[in-house]
Amino acid sequence: MTDLEIVSRLEQDERVLLMPLVRTTKTFWRWAALMAAVTVWGAFAYAYQLKTGLGATGLNTPEYWGIYIICFVFFIGISHAGTLISAILRVAHAEWRRSITRSAEFITVLVIGFGAVQPIIDLGRPDRVLNVFLHAQPFSPLLWDVMSIGLYFTASSIYLYVPMIPDLARIRDLGLHPRPLYWFLAIGYRDSPQARHTLERMISILAVMVIPIAVSVHTVIGWIFALTLRPMWHSAIFGPYFVMGAIFSGIAALIIAMAILRRVYRLEAYFKDVHFNHMGVLLFVMTVLWFYFTFAEHLTVWYGGEEAELATLNSKLTGAFAFPFWLMVAFCFVVPFALMARRATRNVTGTVVASVAVVIGMWLERFNIVVPTSLHPRGGMSALHYVPSWVELSIMAGTLSGFILVYMVATKFFPIISIWEIQEGREKSIAEVSARVAGYLPDDLVTVER
Amino acid sequence: MTVAISRRSFLVGTAGAGVGFGLGALSHQFPFAPPEFGPDWRPGVESFVPSTCLLCPAHCGIRARLVDGAFTRIDGNPLHPVSQGGLCPKGRAGIQLAYHPGRLKGPVQRVGPPGSDAFEPITWDAALDRVVAALRAAREAGQAQSVEWLVGNADGVMGDLLTAFCRAYGTDRITVDDYRDGSAEVMRLSQGIDAAPAYDLQSSDLILSFGAGLSEAWWASPLAARARDRDPGRAARWVQIDVRLSRTAVAADQWIPIRPGTHGALALGLAYLIAKEGLYDADVISQRVSGWEDWTDESGVTHAGFRSLVLRHGRPDDVSGRTGVPVSQLTALAKAFGTARSPVAIWDHAVSWRRGGLADAFAIHALNVMRGRLNRPGGVLVQAPMPLPGPLDTARATPLDLSDCDLTATTWPVERAGGAASPTTVLFLYQSNPIASSPKSERVREALSRVPLVVSFSPFFDESARYADLILPDHTYLERWQDAAAPQAVPFPVWGIVQPVIRPLHDTRATGDVILNVAARLGGDVNAWSRWKTVEEIVTERGMALARAQRGSAFVEPFRQGELRELESRGWWLQHGESAEQYWQMMREAGGWFDPIYDYHDRSAVSQLADGRVWIFPREARDRIRSSADGLAEGFLPITEEAATSPARPAPAEFPLQLVPFRVLTLASGGTPLMPWLLEHLGVLTGGGWETWAEVNPETARELGLQGGERVRVESAQGAFDATVRVFPGAQPGVVNVPYGLHTRVEGWGSPRGGNPLAAIGAQPDPATGLPDWYSTRVRLVRI
Amino acid sequence: MPRWGMVIDLDKCNGCQACEVACRSENNVAVGGPQAARENRTISWMQVHTEVEGEWPAIRARFVPQPCMHCDRPPCTLVCPVEATSRDREGIVSQIYARCIGCRYCANACPYTVKFFNWYKPSYPDSVVPGLNPDVSMRPVGVIEKCTFCHHRLQKARDVARAEKRPLREGEYSPACADSCPTGAIVFGDLDDAGQRVAQLARDPRAFRLHEDLGTQPKVYYLAEQD
Ligand SMILES: Nc1nc2c(c(=O)[nH]1)N[C@H]1C(S)=C(S)[C@@H](COP(=O)(O)OP(=O)(O)OC[C@H]3O[C@@H](n4cnc5c(=O)[nH]c(N)nc54)[C@H](O)[C@@H]3O)O[C@H]1N2
Ligand SMILES: Nc1nc2c(c(=O)[nH]1)N[C@H]1C(S)=C(S)[C@@H](COP(=O)(O)OP(=O)(O)OC[C@H]3O[C@@H](n4cnc5c(=O)[nH]c(N)nc54)[C@H](O)[C@@H]3O)O[C@H]1N2
Ligand code: SF4
Ligand code: SF4
Ligand code: SF4
Ligand code: SF4
Ligand code: SF4
Ligand SMILES: [Mo]
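Protein chains in written order, with the working numbering: chain A, 3 to 452; chain P, 459 to 1242; chain X, 291 to 517.
Calculated directly from the structure, the hints in this document are not laboratory data.
Nothing here was measured: the structure is a model prediction, and the numbers come from that model.
Among these hints, one or two may not hold up.
Here are the simulated BS3-like cross-link-like pairs (lysine-lysine), alpha carbons at most 30 Å apart as the crow flies [said to hold, decoys possible]: (1) P:Lys734 with P:Lys793; (2) P:Lys563 with P:Lys991; (3) A:Lys28 with A:Lys414; (4) X:Lys411 with A:Lys53; (5) A:Lys274 with A:Lys28; (6) X:Lys411 with P:Lys563.
Kindly produce the complete structure, drawing on both the sequences and the hints.
Listed below in structure tokens is the structure:
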């Protein structure tokens, strides 16, 4: 009996959710091939850069940092979607989370690596990267960053893996291929009430643990900039600002992922309008937060009116960087606000459009943080330009496609929606929720009098 | 179980984390160069050889640093009485000439057509045979005059050597560039002194520079540099009158912007106020100066004296209108110059290299005369002659004298009246690259191609060398013997020794030695004057002559220079070493000889005219200027007849802009092979390097719709060249400032994006002075 | 314990750039060439900046030569993840080329923009290699470099003094730029030795430092022009 036959025999939840593992369409291969091609091209570009040195980039003095650092902040930001959001939802016992969490957690684990290599790609001497451990200098925010990202990656991986075990065990029992993989990953888990119990205890502990770790990651990234004396970097708000921005772009990325999965794997029954609506509300909240933070940040600079700071600010508001700046404002605020404020546009299309805008906008935000400041050093030097070279752009494209590729592959080996949690939902959640609601109701007085 | 779970997936996690770093570690395989020689350096044995820089007329003292015999650096020679250890960037970069990858490894002869790269090596003997044969042939055919020499610069012994050789051989067609700015001309006509003026800037309390690039290309920039190195107390006030915000203008205490070509007018204005206020030195003028009051000559004609001329033409409002200098500033300046204790007015090429520039020169010089600044401390001095042996060929009865009135590269080929001279059969290029340096490169090219035998001595494969049939590469100045005196702008005589700091790096020969050798081969009376085999012998002889002169001293520490002055002024002279030989040794080890004493009582330093008087605007000058420029007030004053032009002068439609070319401190003349270190550090004012730029005022740029960084073609009636626009507030509206010198190719070491401003500059010299007319070119900018 | 520092008299400086070239020559700074110049990747440990204010004809301008300020509280060293740049006991901020990973964090942290990155492999024509200064190690591609106060000269001077069993005298350790300056605008020495000229000038009423407000405490002082 082939895997396909096995799966087609199962009843709804399992059949639908395991189908992607056993049936692969032509379009899938076409996309996979395309993504692979772009990724390889990116790798080639990097090899070229290793040969010529960073002269292959568009960087210069004083534009020391560019695309790579922008992408670093951007991708790590995206990676916040999964773990953090799913953790928050779990902790909040939001029932609608059940179909979302796994796809979210996958984003985290798979994209974070791509984010983490960016600074290494940016190094003049990648061959010496291990000096970071051999000659660690504890006061360097860069070192803190290596630590927090390493920790976050580990925690997220565990946090993705643990809740997946029951599904893996089930797949093993169904005997789907590759059998050894599932046999290994399921680590002899046998579903039993008390096994479930331990599992859920662990999940809830992990959920609480990962939240501060996730927060630390982007705070530290913010500090990389904030702890220098550079105009418009040296700002106390950067820690929280970066965390917020990360969640913002994370949610947007998750929405896009959900929409695509829903489409290609026919998961309309699981990613329902209500999910998009809820996510849309979240996005709306973040949009407003983003505006608040951005406004606060720029107001302080403008009001303070310090010469060097103003030079940078003006270059964004009216100067050379006015276009990327106002485009960012449009994409990060105007568009999502307009769409997410109304229930009518908080449907699939609406949220997706808003999310695409936000993702692009947040990339621009990182650009507007890194480049204008770099080009406006104190004691101003000859005004310059920064034009990313083909190498930088290729590597950026390669990174993005690389991430999409591994995500696609992942959906072919692991159920992208947690089967057991869905089933558990069907069986228990109604009872649970009504019990919880009952718990909110006022007690019956009569009984008290008696 | 819990434990099991977490451990396993922990492994997965860390493995993943490793991936990132792994990627980096992988790249170890890629070709990264390790540091050439690591931190484990061992101190080598240092030694220092003193010599003299020949890269510009200032001739600073240098000191080559050798480590284990390897030549690694050029420092200033702290003992040098003028440069005192300081050097300009060129002086330091000189080491790049020695090690330049574009140097010729040995003599070569051309096998391809003129201008081609097709050359093949040839032995020195074969090469010299060819030269000797050609020279002999020409002479036997009675055409000695058809042998011509182009000489860029020939300092000290090289000048004498060439002169002697040419006289002996029988040609007078040798043109030597002597950096002339016409100041010697002015001194000769007004004081009968045949030398450029000398200055003691340290003792001047007001230095009024009329466009002279004191901190740039000036004769003796180290003098100016030293004048800045003073304790804030006795600060000499330094006023720079310049047509652009030049390096010197920034360095000066005050900068007075002025319209191009109106320096003389400003001088007249100052003279007017000084005369009106009676701030001039009345006694000196009455006792020693002619041409101040009106006078009648032998033929009964009355001539207007300078006083009446000035009062007629120097009215402040009028001058202000011409120069663009506000009346208030004019009066303040006049007051300052009129009341200062020891002021001095300085000018150079900036003023004189213009049609009618001689008029401006005289007007400026008049300021010094009026204030009685001649031969006074901090004023206009004259360098005392050095006790050197005379010409090398004193033996000869009737010395041919040589035509020195053309500036080599700028004016060759010289059209001679009625083509008297026979066409050139042999042409020697020594330190000269006319194709790169002449305003008329094209004509130079064809002229070169027409000469049957062109011999270049250039150590580099420069533009003109490409047209030579033979290249007999000279040593660079760091590998050969020579000597070089300080420029006449230095108030006391300084004799710098040029001696090899390293053994020749290639199979090259010092041109001086080659000439001696050629003379010997020709033999007969061509060699009669020569009793030397090498230039070293001649230099030694000269050194010994100085040693025997019972004067001056080998270079000594600055503090001892003071003592020396003291002693000598009291008529003392201390013996240097037991013998002349020892004295000479001391000179060699110190870098040269000097004699710091200056005699302020020597009348011959004021005037050597028959009547011992000084002339303001003498008649000969008036006549010369009349013949050269027209439309001047009275025919010879540095202002035009037509009324003062208002600031808003309507610009000629076709060529609306004035071209202001200038020399960058960091670049050597015309074709000198550019030194990469210098190209990296061009324009300190406008930044950037490696390309010719055009400084344009923001306002002008707006009118022309030009952005900084844009490429433009600078077009004049004569020609055009390309440049990159630099918007610069220090550029005068309606004017384009362009640096010269970047147009030449650097063989083998990055070539600049250079344009040659001379291409747009007219080639006609000023008949009055024979000097180039470079500062009256009008241009337009065309975007490309 | 000396505290090495520099005083640059802006009144004397005539912008000749001899210091820039002297520094190149002394420290084997590689020639970037036309391309690097266009890309603004030229390396020059010492840079003479020209500050121009106003419009024609009312313009004020001055030259400000800028080496590394060798800050006593250097923001650059703090951020280096591998301690490839650090401030030694005598206040000289040094670079370890062999350890630098080329992240350019220090360059961003430096408020004076005096750190330079080797975007390409530094190259020298074979013919000039014999002329390189053997006292200064060459930089590989991909690392940061900057003014070192000619640290190697200190080591040499020390060796000599030690050999002669005596303390270091004023002027024995002097960097290439100071030696080369034809106007004597650059004075170098021990800021803590009140007897030395540099220490006195640093206390001169004309003395100031760049971006003093940032609290980086530079050890390069400037004397304002007087007029
Ligand atoms: N660094 C360096 N020094 C050199 C040389 C070199 O190549 N490099 N060459 C040596 C030689 S051969 C010579 S001949 C001398 C030349 O010495 P200089 O003549 O001093 O050199 P330039 O820079 O050509 O002088 C031109 C000056 O005149 C100004 N100028 C331009 N147009 C006008 C104008 O219309 N009116 C007035 N009043 N001024 C104007 C320019 O601003 C510039 O400052 O320099 C000698 N010294
Ligand atoms: N574009 C432009 N043209 C100019 C000038 C300018 O500034 N710019 N300046 C003008 C003035 S004022 C002058 S004086 C002339 C000067 O111009 P030239 O008289 O041509 O002298 P340079 O161009 O300085 O150098 C000429 C050649 O001498 C060779 N050379 C260098 N070192 C040595 C050496 O040690 N021995 C020998 N035998 N040859 C050597 C080099 O190959 C160089 O190309 O140019 C005039 N023309
Ligand atoms: S000023 Fe002239 S002589 Fe002195 S170092 Fe510079 S180039 Fe050489
Ligand atoms: S060498 Fe001296 S005068 Fe020249 S730029 Fe440098 S500091 Fe100024
Ligand atoms: S100037 Fe810049 S590089 Fe030098 S010490 Fe200060 S911060 Fe560091
Ligand atoms: S570039 Fe080098 S020196 Fe600068 S911070 Fe990074 S590792 Fe340290
Ligand atoms: S101190 Fe040394 S390294 Fe620093 S700028 Fe001066 S010469 Fe260059
Ligand atoms: Mo000249």
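Against the structure, the hints come out as follows:
no. : hint                   : in the structure
1   : P:Lys734 with P:Lys793 : holds, 11 Å
2   : P:Lys563 with P:Lys991 : holds, 23 Å
3   : A:Lys28 with A:Lys414  : holds, 14 Å
4   : X:Lys411 with A:Lys53  : holds, 10 Å
5   : A:Lys274 with A:Lys28  : holds, 26 Å
6   : X:Lys411 with P:Lys563 : holds, 28 Å
This entry satisfies every hint, going by the numbered hints stated previously.
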